[in-house]
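Engineer: Start from the sequences, fold in the hints, and give me the full structure.
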Amino acid sequence: MELTDKLDILGTAAKYDVCAASSCSASASPKAPRGLGTLSSAPICHSWTPDGRCVSLFKVLQTNVCKNNCRYCQNRCSNDINRISFTPEELAKTFIEFYKRNYVEGLFLSSGIKGSSAQTMSEMIKTVDIVRNVHHFNGYIHLKVLPGIEPAQIEEAARLATRLSINVEAPTQKALLQIAGEKDLEKDIIQPMALIQQQKKLGRLPGGHTTQFVVGAAGESDQEIMRTTFWLYQKRDLNRAYFSAFINSDAHLSKESLTREHRLYQADFLYRKYKFTEKEIVFNNDGLLDLDLDPKLALALRQPAVFPLEVNKSSYEELLRVPGIGPQSGRRLVTIRREHRFTDLKELKNVGVVIKRAAPFITINGKKQGSLNKFMAKPKQLSFDLGGQFLLPAAA
Amino acid sequence: MQKLYFENTPESFFNAVLQKHLQGNAHFLERRQLVNSADLFEWNNAALLCSNGTSPEARSDQVDHVLLEQYLHQCGGKDPLGKSEAFQDLLVELFFALHFRPENIALLEKAVFQALTKGCMFVTEKVSDEASAFMKMSWAVRREIHNAKAFMRLLPVEDQQVLFGEFILKHDTAPFILKHFMRRFPGYAIILLAGQKAWIAKNNEISETSIDRKNLRLPVLRDEFTREWLAFYQSQYIHQRRNIKLMKSHVPTKYWQYMDEMQLDIVQTGVSPRTGQR
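Sequence lines, in order, name chains A and B. Everything in the first sequence is counted per the numbering used here, starting at 1 for the first residue and increasing by one. Everything in the second sequence is counted per the numbering used here, starting at 1 for the first residue and increasing by one.
Check each hint, because a few of them may be wrong.
What the hints assert, rightly or not - Simulated pairs of lysine-lysine, DSS-like, Cα-Cα distance not exceeding 30 angstroms: (1) A:LYS349 / B:LYS136; (2) A:LYS349 / B:LYS110; (3) B:LYS136 / B:LYS248; (4) A:LYS346 / B:LYS245; (5) A:LYS313 / B:LYS170; (6) A:LYS255 / B:LYS248.
Please keep in mind that the hints were generated in silico from the structure rather than gathered at the bench.
Structural biologist: Printed below as a string of structure tokens:
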């Protein structure tokens with residue numbers, strides 16, 4: 001089979017793995033590199049596909065042969081598709097040639113399980129070893145950790161890769177059993193994550209480690225997904241969780257699934273970047289996020305007593321809870337306020353506040369800037385919860 | 001009208017603005033071209049530091065302190081050196097804005113003047129319309145550098161340690177771009193072609209030359225790996241998520257000519273060549 005066909009098959013097989021960022025601290029790059037490549041402090045996307053996703057990494061599988069039969073995966077053993085593998089040398093050479101042409105920023109390597117997990121992981125490590133030590137590549141490598149591999153292999157992978165990841169797929173053992181009967185959440189995923197965490201503590205893996213959930217395949221709720229995600233951030237020092245809407249057997253992906261995926265990302269960002277607490281993420285009675293309202297707006301509408309906030313006086317933490325004000329614009333507001341008092345919406349717009357969203361929730365020098373009517377016009381009745389659990393944290 | 005010259009550095013420009021305001025407005029500012037290529041290279045090194053997010057601390061003392069004191073005494077305003085971090089941020093933005101073409105000295109001058117009267121953060125955080133326009137200049141330069149890092153394609157010239165690339169450059173950004181690729185491909189000579197000019201980066205030096213397009217035979221930026229790349233690119237498309245508008249918003253169409261994948265039907269139609277579905 002020609003290389004072009006292999007790239008087509010093994011690229012297609014890897015496309016559902018999500019890996020947004022290819023950046024990490026530039027200081028992790030060797031100061032005087034001998035070989036090729038550098039790490040970039042800002043993510044570089046070298047192309048974009050017609051689905052609006054960026055192509056930053058050479059994302060392929062080592063092989064799409066797999067002994068597992070995971071329901072969400074197109075490489076499951078029961079699926080009738082062409083099975084093929086890259087040799088480590090062939091894959092390494094192709095990647096380096098792509099890199100030299102500035103097509104990609106780094107390598108993302110995953111695999112089906114051919115024979116045993118340990119055998120396949122050895123092949124993957126061999127590929128990365130050639131890239132690092134034969135071609136002397138200093139840039140970004142994201143390596144997937146297969147479930148059930150030897151602890152020594154995790155250590156070896158951590159020495160070679162910039163970032164490791166192991167996919168949780170589902171938030172609970174019960175949900176995981178429904179979609180991947182062969183996998184054990186604790187033994188195959190949580191325990192290896194602890195080993196990756198140890199490697200990170202040793203100063204390896206400048207890009208840290210990540211995970212991915214399949215959303216909507218096992219009837220799990222958003223609350224379960226977020227609870228597991230937050231637990232992983234706290235207990236396993238996870239850098240980032242990705243969410244991928246499940247595409248069912250007739251290859252259909254509904255608009256609702258995509259919106260749900262988007263809401264999960266928003267909730268995740270509120271926790272990581274806006275420092276919201278778990279209790280501030282609002283779910284409905286079924287444990288799902290509101291598809292019509294983003295989680296930040298949903299929280300703000302539940303707290304009519306808190307808003308509007310005065311932009312010239314409120315703390316950074318309070319400003320972050322205003323829809324339309326993010327970490328960057330919030331920081332700017334607080335910094336500029338030391339020397340300048342804001343007087344109108346135009347000035348707020350200039351510093352990056354999204355006026356359309358923020359205006360109903362703020363005052364400028366005591367003057368109201370908008371009304372909540374446009375949000376309230378929805379036929380749906382919003383519930384109000386004025387209990388202590390939704391109060392803003394104390395100002396810093 | 002008397003001319004006040006400045007060189008291609010933020011400190012030099014800053015000093016020139018101070019001087020102009022001290023000496024009265026019957027002066028105008030003009031850029032003096034650096035003739036010494038060693039100086040130019042030195043500044044490009046500093047530029048690389050800036051573009052990597054490191055503040056150019058080594059150069060902060062080049063602001064004329066006596067002149068600044070004199071200005072503050074005579075005209076009032078805020079001492080920008082009192083908040084050195086904000087001042088460094090301003091210098092970085094000014095550095096990039098000075099590489100914007102066509103240059104708009106009057107706007108740069110207004111931005112520096114606002115920094116002196118209302119504080120550096122007033123400008124870097126874009127509170128006024130002038131500050132916002134100034135920051136847009138800086139960001140346009142940064143964006144062009146970033147776009148070149150992302151969308152410019154390189155072709156290795158066989159058996160020679162040479163990588164050749166072509167791109168559209170509107171601003172004075174070639175040295176920044178070449179420094180990026182020099183770090184990425186040590187040991188390689190990098191040739192960058194843009195418009196009627198070519199830059200050659202070799203052994204840590206950058207030289208610039210004019211070219212005659214009509215008599216120039218350029219290597220075609222394609223080889224057998226182009227075919228492999230196109231196969232890989234198409235494999236990454238998930239047709240259920242088709243969003244061509246979003247893709248187009250990320251890749252300015254002026255760069256499409258350098259990107260082989262953008263010539264594919266899939267980019268226009270969103271029809272997956274594998275499944276025939278859209």
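Engineer: Each hint needs a verdict: does it hold in this structure or not?
Structural biologist: Comparing the hints with the structure gives:
1. A:LYS349 / B:LYS136: The hint holds at about 14 angstroms.
2. A:LYS349 / B:LYS110: holds (21 angstroms)
3. B:LYS136 / B:LYS248: Measuring from Cα to Cα gives roughly 21 angstroms; hence the hint holds.
4. A:LYS346 / B:LYS245: holds (29 angstroms)
5. A:LYS313 / B:LYS170: violated (43 angstroms)
6. A:LYS255 / B:LYS248: Judged against 30 angstroms, a Cα distance of about 21 angstroms means the pair holds.
Violated hint for the displayed structure: number 5, the only one.
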